[in-house]
Amino acid sequence: MSRFHGFRIGRALGLALLAHGLLGPPASAQTSARDIIDRVDRLMRGDSSRGTMQMEIHTEHWSRTLSMEVWSLGTEFSLVRVTEPAREAGTATLKADQEVWNYLPRVDRTIKVPASLMMGSWMGSHFTNDDLVKESRIVDDYDFEIAYEGPRDGIGVYEFILIPKPEAPVVWGRIEEQVRIDDLMPVWVRYFDEDGELVRTLTFSDFQQMGGRLVPATMLVTPSDKPEEFTRVRYADLEFDIEIEQEFFSLRNLRGRR
Amino acid sequence: MAHDAVWWRVAWRNLWRNRGRTLVTASGLAFGYLAAVVMVGLMDGMNAMLIENGTRLMVSQIQIHSEVYLPERNMHRTIGGYGGTDVDALLARVDLSPDVVASSPRLFGGGLVSSGSQTQAALLLGIDPDREARVSMLLDDVEGRSPSAGAFEIAVGTEMARQMGLSLGDEIVVVAPAADGSLGNDLFTLVGLVRTGTPTLDANYAFLPIADLQYLMAMDPGRIHEVAVTVTRPWDTEAIMSALTASLNGDAGLVLDVRTWAELRPELAESVALMDSMYLLIVIIIFGMAVFGVANTMILGTFERQKEFAVVRALGTTASGVGRTVVYEGFILGALALAAGALITAPLMVWWHNAPPNLANIVGSFSWAGSVWQPVLRVEYSVKAPLMSGLALFITAVFAAVYPAWKATRIPPADALADR
Numbered sequence: 001m002s003r004f005h006g007f008r009i010g011r012a013l014g015l016a017l018l019a020h021g022l023l024g025p026p027a028s029a030q031t032s033a034r035d036i037i038d039r040v041d042r043l044m045r046g047d048s049s050r051g052t053m054q055m056e057i058h059t060e061h062w063s064r065t066l067s068m069e070v071w072s073l074g075t076e077f078s079l080v081r082v083t084e085p086a087r088e089a090g091t092a093t094l095k096a097d098q099e100v101w102n103y104l105p106r107v108d109r110t111i112k113v114p115a116s117l118m119m120g121s122w123m124g125s126h127f128t129n130d131d132l133v134k135e136s137r138i139v140d141d142y143d144f145e146i147a148y149e150g151p152r153d154g155i156g157v158y159e160f161i162l163i164p165k166p167e168a169p170v171v172w173g174r175i176e177e178q179v180r181i182d183d184l185m186p187v188w189v190r191y192f193d194e195d196g197e198l199v200r201t202l203t204f205s206d207f208q209q210m211g212g213r214l215v216p217a218t219m220l221v222t223p224s225d226k227p228e229e230f231t232r233v234r235y236a237d238l239e240f241d242i243e244i245e246q247e248f249f250s251l252r253n254l255r256g257r258r
Numbered sequence: 001m002a003h004d005a006v007w008w009r010v011a012w013r014n015l016w017r018n019r020g021r022t023l024v025t026a027s028g029l030a031f032g033y034l035a036a037v038v039m040v041g042l043m044d045g046m047n048a049m050l051i052e053n054g055t056r057l058m059v060s061q062i063q064i065h066s067e068v069y070l071p072e073r074n075m076h077r078t079i080g081g082y083g084g085t086d087v088d089a090l091l092a093r094v095d096l097s098p099d100v101v102a103s104s105p106r107l108f109g110g111g112l113v114s115s116g117s118q119t120q121a122a123l124l125l126g127i128d129p130d131r132e133a134r135v136s137m138l139l140d141d142v143e144g145r146s147p148s149a150g151a152f153e154i155a156v157g158t159e160m161a162r163q164m165g166l167s168l169g170d171e172i173v174v175v176a177p178a179a180d181g182s183l184g185n186d187l188f189t190l191v192g193l194v195r196t197g198t199p200t201l202d203a204n205y206a207f208l209p210i211a212d213l214q215y216l217m218a219m220d221p222g223r224i225h226e227v228a229v230t231v232t233r234p235w236d237t238e239a240i241m242s243a244l245t246a247s248l249n250g251d252a253g254l255v256l257d258v259r260t261w262a263e264l265r266p267e268l269a270e271s272v273a274l275m276d277s278m279y280l281l282i283v284i285i286i287f288g289m290a291v292f293g294v295a296n297t298m299i300l301g302t303f304e305r306q307k308e309f310a311v312v313r314a315l316g317t318t319a320s321g322v323g324r325t326v327v328y329e330g331f332i333l334g335a336l337a338l339a340a341g342a343l344i345t346a347p348l349m350v351w352w353h354n355a356p357p358n359l360a361n362i363v364g365s366f367s368w369a370g371s372v373w374q375p376v377l378r379v380e381y382s383v384k385a386p387l388m389s390g391l392a393l394f395i396t397a398v399f400a401a402v403y404p405a406w407k408a409t410r411i412p413p414a415d416a417l418a419d420r
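These protein sequence lines map, in sequence, to chains A and B. Going by this note's numbering, the first residue of the first sequence is number 1, and it counts up by one from there. Going by this note's numbering, the first residue of the second sequence is number 1, and it counts up by one from there.
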């Protein structure tokens, strides 16, 4: 269960769900790292969103592809429902505040993921349940600094180092993130454990307009200890600032109306 | 040699000239023998108990896995690979070994157990309840009954049931990552509450029939992780393990990793090795004390016979002849003591082995080192202890005679006869 220990999906899904506003000037060098990250998050995230995505998971022992529909409201609420394959259709995950719930259509039950399994794999992917909930706290849990600012492969980028605050309840020892200066698109995020070892890498690509915003439509997670394994999330469509109420993110709705 | 026989006869007769002293000395040695054999037997008994208590709850004495299963315990690494194996045939081959008492297949999984609003992480153990009952004590104390296959029944630890507020008959959702990457989930009925006495087991384990867990985890019926084996001689698993390794591997294209409890529970093996190392110490202490007693007697005996030795020396006997008689006395004394010791030790050992005092009334059973203990003081037979003690007794008797014998050879006949 703990094979995917320590991965986090939230930031990834969050970023992928994001929308990138066309507004806002590029941050200047004088701006603090924290302000930039904050702006990246804010600019790129609509108040709400809905999209469909494919999640392709490759492991040493099996490979599978899931189609999903995703809704989000702010950073606190999201709901993911599997639509394909048919055998698993209806399986859903609700993230509300710091809690994660799963709906299992086969037994028609909703189950809250207990604290002891927050580090477990989410839907068999290289993300953990913990990834879902910790995402909204990243600005609170880490100290930021700009490690590099300038061209990389001909593109101007910021490189940030995120160090967890001493009392923050996080699993990472350090996070590094590269963001393009021009459009504030994330390029990659690297997660290190407390010993400074790279644990996994999140790579963003396929930047395109979706729902009126520039987004990275593809996101790839590769665990360092198993380089042949990966989880790839690809967005088919995305819309932003949709009409959606908080009530949508309820256990009743988690069960869905199939 | 004929000449030598005379000295043996002389030695024998000398021994019985002071019957009382000889009997007391021989008794001392015989009881030393008794003490050594029984002490070692008791320690063997404690070792056997240590091994049994440390293994019978769950570990068992020998475990068989796919050669790639340990140490990660990856759920995909089943015996025979993804395709699994013919479990019944494998078990039959294991049971064929004369040293195997029983064997049991096991499948491990991890997941969630949920009922109502309560959800907990659980270790899922797929078992064959009938076979498991013969191998381990896991299902010895079940309130309700063991789950039966094909009916989606489950048993959970008592502590887990308490924490989740479960009672028999409750409907339980079990969720587990399946072998194909999907999230296996099914409804089960709670039919048993398992009490092992070990808190971690009682709080974390759920028990399912192996077939139901295979179904839940999208695995073929031929896929298991482990065969647990109990054997006739738990303290001698090394040889049994080698035999099993040889007989199982190669057959049906399987590559199996057969391990003994000593590898699976190294800390237990260390305790046993520590106890083993004390055998020699016990024997040395007991006979180390005896050697002075015997030597004392022999010195007295030779001192008394100073004049006698002087006479035989004066008559032309060699010094070595005189010395030999004394050493032969030690030999004969040792043989007598050994016979007597064996005679009193054997019945005591048989009785103690078959009717060991159970101290449960005094101290109760207790949980220690991850296993439940019954305070039964049983002695175990061994070949080593009587042989080692017998040898030690003999060495003691002869060694104790060496100094007096040497003294006897140094007696100057003229001086001794003249009382100088």
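Hints were generated in silico from the structure; no laboratory data involved. One should not assume that every hint holds.
To spell it out: a stretch of chain A is covered by chain B in this simulated footprint if at least three of its residues, at any positions, have a beta carbon under 8 Å from a beta carbon of chain B; those stretches are [as the list claims (entries may be wrong)]: (1) 83-95; (2) 101-107; (3) 121-130; (4) 239-249.
Simulated crosslink set (EDC-like; lysine to aspartate or glutamate; CA at most 20 Å straight-line) [said to hold, decoys possible]: (5) A:K226 <-> B:D180; (6) A:K165 <-> A:D183; (7) B:K384 <-> B:D276; (8) A:K226 <-> A:E60; (9) B:K407 <-> B:D276; (10) A:K226 <-> B:D186; (11) A:K112 <-> A:E88; (12) A:K165 <-> A:D182; (13) A:K112 <-> B:E72; (14) B:K407 <-> B:E308; (15) A:K226 <-> A:E88; (16) A:K165 <-> A:E149; (17) A:K165 <-> A:D140; (18) A:K112 <-> B:E308; (19) A:K112 <-> B:D186.
Model, not experiment: these values are computed from the prediction. All C-beta atoms, glycine included, are put in the ideal place defined by N, C-alpha and C.
Legend entry - Violated hints - listed by number, lowest first: 4, 6, 9, 10, 12, 13, 15, 16, 18
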